[in-house]
Amino acid sequence: MKKLAILSNVNIDMIYKLLPSRENVFPPQGYGNAFSLMLDTNSDLAKFSPSVIFFIVDISALTENSYNYEEAASAIDEWFGHFRSCMQPDIQYFISDTLFRTTAIEDIDEMLHYRIGQYWMHCLAQLTENTTQVHRFPVQRLIDRVGTSSFFSEQLWYLGKIPFTAQGCKLIAEQIILQMELLIRVPKKVLVLDLDNTLWGGIVGELGALGIQLSNDKVGALYHDAQKIIKQMQKHGVILAINSKNNINDALEVIRNHPHMVLREEDFSALRINWQTKADNMQELALELNLSLDSFVFIDDMPTEREAIRTLFPMIEVPDFPTTPDNLPVFFEDIYYRYFQKLRMTEEDADKTKQYHENGRRIQLSKKLDFNTFLQDLQIGITREAYNNSSKRRLLQLLQKTNQFNLTTRRYGEEDLSRIEQDNWLVYLFRAADKFGDYGIIAAVLIDITKHLPNIDSFVMSCRIMGKLIENYIIDYVECDLLKRGYYKLTAEYIPTSKNIPVHELYDSLGYHKISSSSEKVIYEIDLALRPKRIYHVNNNLERI
Amino acid sequence: MKEKIIQIINVTLGFKPNTINAATQISEIENWDSLMQLMILSELKQQLGLTIPIEAALEIESVEDFFKFIDKE
Chain A
394 MKKLAILSNV NIDMIYKLLP SRENVFPPQG YGNAFSLMLD TNSDLAKFSP SVIFFIVDIS
454 ALTENSYNYE EAASAIDEWF GHFRSCMQPD IQYFISDTLF RTTAIEDIDE MLHYRIGQYW
514 MHCLAQLTEN TTQVHRFPVQ RLIDRVGTSS FFSEQLWYLG KIPFTAQGCK LIAEQIILQM
574 ELLIRVPKKV LVLDLDNTLW GGIVGELGAL GIQLSNDKVG ALYHDAQKII KQMQKHGVIL
634 AINSKNNIND ALEVIRNHPH MVLREEDFSA LRINWQTKAD NMQELALELN LSLDSFVFID
694 DMPTEREAIR TLFPMIEVPD FPTTPDNLPV FFEDIYYRYF QKLRMTEEDA DKTKQYHENG
754 RRIQLSKKLD FNTFLQDLQI GITREAYNNS SKRRLLQLLQ KTNQFNLTTR RYGEEDLSRI
814 EQDNWLVYLF RAADKFGDYG IIAAVLIDIT KHLPNIDSFV MSCRIMGKLI ENYIIDYVEC
874 DLLKRGYYKL TAEYIPTSKN IPVHELYDSL GYHKISSSSE KVIYEIDLAL RPKRIYHVNN
934 NLERI
Chain B
99 MKEKIIQIIN VTLGFKPNTI NAATQISEIE NWDSLMQLMI LSELKQQLGL TIPIEAALEI
159 ESVEDFFKFI DKE
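Protein sequence lines, in the order shown, are assigned to chains A and B. Residues in the first sequence are numbered consecutively from 394, following the numbering used here. Residues in the second sequence are numbered consecutively from 99, following the numbering used here.
If you are wondering where the hints come from, they were derived from the structure by calculation, not from laboratory data. Careful: at least some of the hints might be erroneous.
Unchecked claim - Partial chain A-side listing against chain B, Cβ under 10 Å, derived: (1) S414; (2) E547; (3) Y551; (4) I555; (5) F557; (6) T558; (7) P580; (8) K582.
C-beta: ideal position from N, C-alpha, C; glycine also.
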């Protein structure tokens, strides 16, 4: 576990006590001293050297001497100013997102309290937009779940400067653990859904499209609201698919025409509505979506179906389904946080569904054509993307998440990139598009030029774009650029992992010569003047690129 | 109600059932510091609706002292 510290201007001793394995947690040293601990290079915090710091900030305490909005906003500005000046490049920060105590009399203060909370969120959002190091610590979500009276305690506040109830402390401690997990875990990608008694109540084959429970009141509204949550998940980059035993026409009648259906056909990237086994369907879905089964979460109300998938595909997450629909919307919310939530959204994530949907159309197209014609017809365009603060976020994501097309699997973080920048490495980022849409930034090559010969230190490409010979174009581009810069030779490495087998012979196929080979690493070299001709189908004259 | 209070105190302190009883003094239990006392107050309010005024809470010295507030509910 990474080392973490919790800093606050209120008493968080209980939250600390509730964390498991506290040997990696900085023991609280009072409260209200966060910035001094951070600025003092000899402080115990500096010696502890955490890689993650959580800020549980009681905004009311910060603004307690402010009696109007301007004064309060200025106190908040000051806090964020201090925070910025204390930030260290190698630490990830989480900052709480809401007010804890509500003491203002709203009618007198024209909703002062509410506006202060809004201003805090505004400043926090600005910060999280501009750096990948700062994340929102979602306390408001916890309060919404249990209600303010269960979350906050006046009694504990006045007795011990703890604004939270015991339950509130527990929820915050759990949330800290969850966010720590989010820093390292690989989120799931696909939500595979059953239909009957999952997206609506009842069995459409028996009741007909108008007989099922799906409406805007009573039980039908629970399914309707659950669908709204799923739709939100889709908007946040979760890929939806259906795996249902049904007559396709019955199901499509509901999906296309039912007035209370929220999820429509275009929201699903792949459909398997038939009488095959769900296991067969699952394999087909993986093929069509070009994603491995370990990125799937399967939701089905039938215990037997769940058990079958669990047994046959242990890599698929198959959570239990609620026994009554009463908690269905909350259930799907939990599914999102448990399996899909990411700390950071990029434009590419939000566009993923569109891309997978388009991929389905590409498969349809590829059935009729040979490979080269298929690639030509795709009208693939590749452009080099500038390396700047915005693309850096995507580069970090590619380096940290890519498993398959990753030649060396070096998981560089923000600190490493700073070093790379200082050493003037060459950073190549590539954006891809084809006639179906834009993929965003899909590949990166890092060239270390500090050694005797330039070396391809890292070469990563999104699995969504694999199998289109784009790598040939990218390597050609990089090699030509190096030639122009006066280099005549280039070295490269392949470091095997359990996941990057798809590229284990990439450099051989690109015409590189093996210099040395061991079970840990293969080293290659190429004479840039003697590069082989490589096949690719890239059309860079497209206007949209 | 008394049984429930004892049970909640036991669980909050992280003890096995029946580790403490009505006669237990707070000072006898090493783990029962002021922070745990606050957590116990919070759990009693949350789970049993037992409200103990701030001033009175500062004077609690034994498990039995908690029982005084049952009658006042």
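Here's how the hints hold up against the structure:
About 16 Å separates the beta-carbon of S414(A) from the nearest beta-carbon of chain B, more than 10 Å, and the hint is not met. Because the beta carbon of E547(A) sits about 9 Å from the nearest beta carbon in chain B, less than 10 Å, this interface hint is met. For the restraint placing Y551(A) at the interface with chain B, the shortest Cβ-Cβ distance is roughly 5 Å, inside the 10 Å limit, so the hint holds. Look at I555(A): its Cβ gets to within about 6 Å of chain B, closer than 10 Å, so that hint holds up.
Annotation: F557(A) was flagged as interfacial toward chain B, and the flag holds, the nearest CB pair being 8 Å apart, inside 10 Å. For the restraint placing T558(A) at the interface with chain B, the shortest Cβ-Cβ distance is roughly 5 Å, inside the 10 Å limit, so the hint holds. Here the hint on P580(A) is broken, as its CB sits about 33 Å from the closest CB of chain B, past 10 Å. With 10 Å as the threshold, the beta carbon of K582(A) stays out of range of chain B, its nearest partner Cβ sitting at about 39 Å, so the hint is violated.
In summary, the numbered hints that this structure violates are 1, 7 and 8.
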